[in-house]
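There are 2 protein chains.
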Amino acid sequence: MFTPQTIAYIRSPFNETSKIPKGLGAEHKAEGAIEFLREFEPGLKDIEGFSHLYVLWIFDRATDYDLVATPPADEGRPHGVFATRSPRRPNPIALTVVELLGRDGATLRVRGVDMLDGTPVLDVKPYLSSIPIETLKRGWLEEAEERKTASSK
Amino acid sequence: MFTPQTIAYIRSPFNETSKIPKGLGAEHKAEGAIEFLREFEPGLKDIEGFSHLYVLWIFDRATDYDLVATPPADEGRPHGVFATRSPRRPNPIALTVVELLGRDGATLRVRGVDMLDGTPVLDVKPYLSSIPIETLKRGWLEEAEERKTASSK
Numbered sequence: 023m024f025t026p027q028t029i030a031y032i033r034s035p036f037n038e039t040s041k042i043p044k045g046l047g048a049e050h051k052a053e054g055a056i057e058f059l060r061e062f063e064p065g066l067k068d069i070e071g072f073s074h075l076y077v078l079w080i081f082d083r084a085t086d087y088d089l090v091a092t093p094p095a096d097e098g099r100p101h102g103v104f105a106t107r108s109p110r111r112p113n114p115i116a117l118t119v120v121e122l123l124g125r126d127g128a129t130l131r132v133r134g135v136d137m138l139d140g141t142p143v144l145d146v147k148p149y150l151s152s153i154p155i156e157t158l159k160r161g162w163l164e165e166a167e168e169r170k171t172a173s174s175k
Numbered sequence: 023m024f025t026p027q028t029i030a031y032i033r034s035p036f037n038e039t040s041k042i043p044k045g046l047g048a049e050h051k052a053e054g055a056i057e058f059l060r061e062f063e064p065g066l067k068d069i070e071g072f073s074h075l076y077v078l079w080i081f082d083r084a085t086d087y088d089l090v091a092t093p094p095a096d097e098g099r100p101h102g103v104f105a106t107r108s109p110r111r112p113n114p115i116a117l118t119v120v121e122l123l124g125r126d127g128a129t130l131r132v133r134g135v136d137m138l139d140g141t142p143v144l145d146v147k148p149y150l151s152s153i154p155i156e157t158l159k160r161g162w163l164e165e166a167e168e169r170k171t172a173s174s175k
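Here the protein sequences line up with chains A and B, keeping their order. FYI, our numbering numbers position 100 of the first sequence as 122, with every residue one higher than the one before it. FYI, our numbering numbers position 19 of the second sequence as 41, with every residue one higher than the one before it.
By construction, these hints were calculated from the structure, which means they are not laboratory data. Treat each hint with caution, since some may be false.
Because identical chains share one entry, a pair is satisfied inside a single copy or across any pair of copies.
Result set (DSSO-like, lysine-lysine): computed pairs, CA atoms no more than 30 Å apart in a straight line [said to hold, decoys possible]:
1. Lys67 <-> Lys44
2. Lys170 <-> Lys41
3. Lys44 <-> Lys170
4. Lys51 <-> Lys159
5. Lys41 <-> Lys67
6. Lys44 <-> Lys159
7. Lys170 <-> Lys51
8. Lys159 <-> Lys67
9. Lys170 <-> Lys67
10. Lys175 <-> Lys41
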């Protein structure tokens, strides 16, 4: 098994988890940056050509995990942790898709951050393809959205 | 920093990396399974409702990393490792999107495996949204595809 190492830190407008948009219809349009440690800067060559990136980062505030979680989007309804984006997972690794706005040396300017300021990053990968939206099924989340729409009518 | 732990193992038809489709136009249609360790089975509750999943897994054959990589899709042209899907990365974590075909207890049957048989898995997350394909820019990969198309005319 490998030993995780921090390759970069997130700069984001969020200093508290309560400030990060969450739940149904939450939009992640906040701008921020991924500041790579100097030693990793050569790994960014040609990244400017990609419009979107996967960012793998650490839920560094999570102290333990629960196999069953109750997500904010579906209050009171428990789901298996692997069917949620809960931070309390066996391996506290998070995944966010961001839009790449530009690069200044070892810093990537991005849109769509949903991390706290100072969050450690494990990896960045190019986003290469999408599952067509019309083929996606989104389980309990879809049902929660339908309930919300129905109750607001 | 956390200590990574295996939550599941991949069952796949691939016993050698040379058998896994790679490079431009590679299609990942192979069926396989994600076999969770028994203790993690409760974490799968309600996962059946999702059509697609992110699988985070370990490049467990990778022994070191290179900051600049020469991907098979673009022979001879080096790119920064974070602009590629090279296994030789500072944190040897891989990301694959699979289609969920069904669940039998602690086993998820999936389509789209590009891992070796026996690969250790770190996390599974629901795939909730896609970047519209028409907004994607794919940098050097797009250029390599254009060169390939031009040379085959």
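So, going through the hints one by one against the coordinates:
1. Lys67 <-> Lys44: This pair counts as between: shortest inter-copy Cα distance 22 Å, intra-copy 33 Å.
2. Lys170 <-> Lys41: Intra 22 Å, inter 47 Å, cutoff 30 Å: intra-copy only.
3. Lys44 <-> Lys170: Within one copy, since 15 Å is at most 30 Å while 43 Å is not.
4. Lys51 <-> Lys159: both (24 Å within a copy, 19 Å between copies)
5. Lys41 <-> Lys67: between (33 Å within a copy, 29 Å between copies)
6. Lys44 <-> Lys159: Answer is both: 20 Å inside a copy and 27 Å across each meet the 30 Å cutoff.
7. Lys170 <-> Lys51: The answer is within: 23 Å in one copy meets 30 Å, while 36 Å across copies does not.
8. Lys159 <-> Lys67: between (36 Å within a copy, 16 Å between copies)
9. Lys170 <-> Lys67: Answer is between: at 22 Å across copies they meet the 30 Å cutoff, but 45 Å inside does not.
10. Lys175 <-> Lys41: For Lys175 and Lys41, only the intra-copy Cα distance (28 Å) is at most 30 Å; the inter-copy one is 54 Å.
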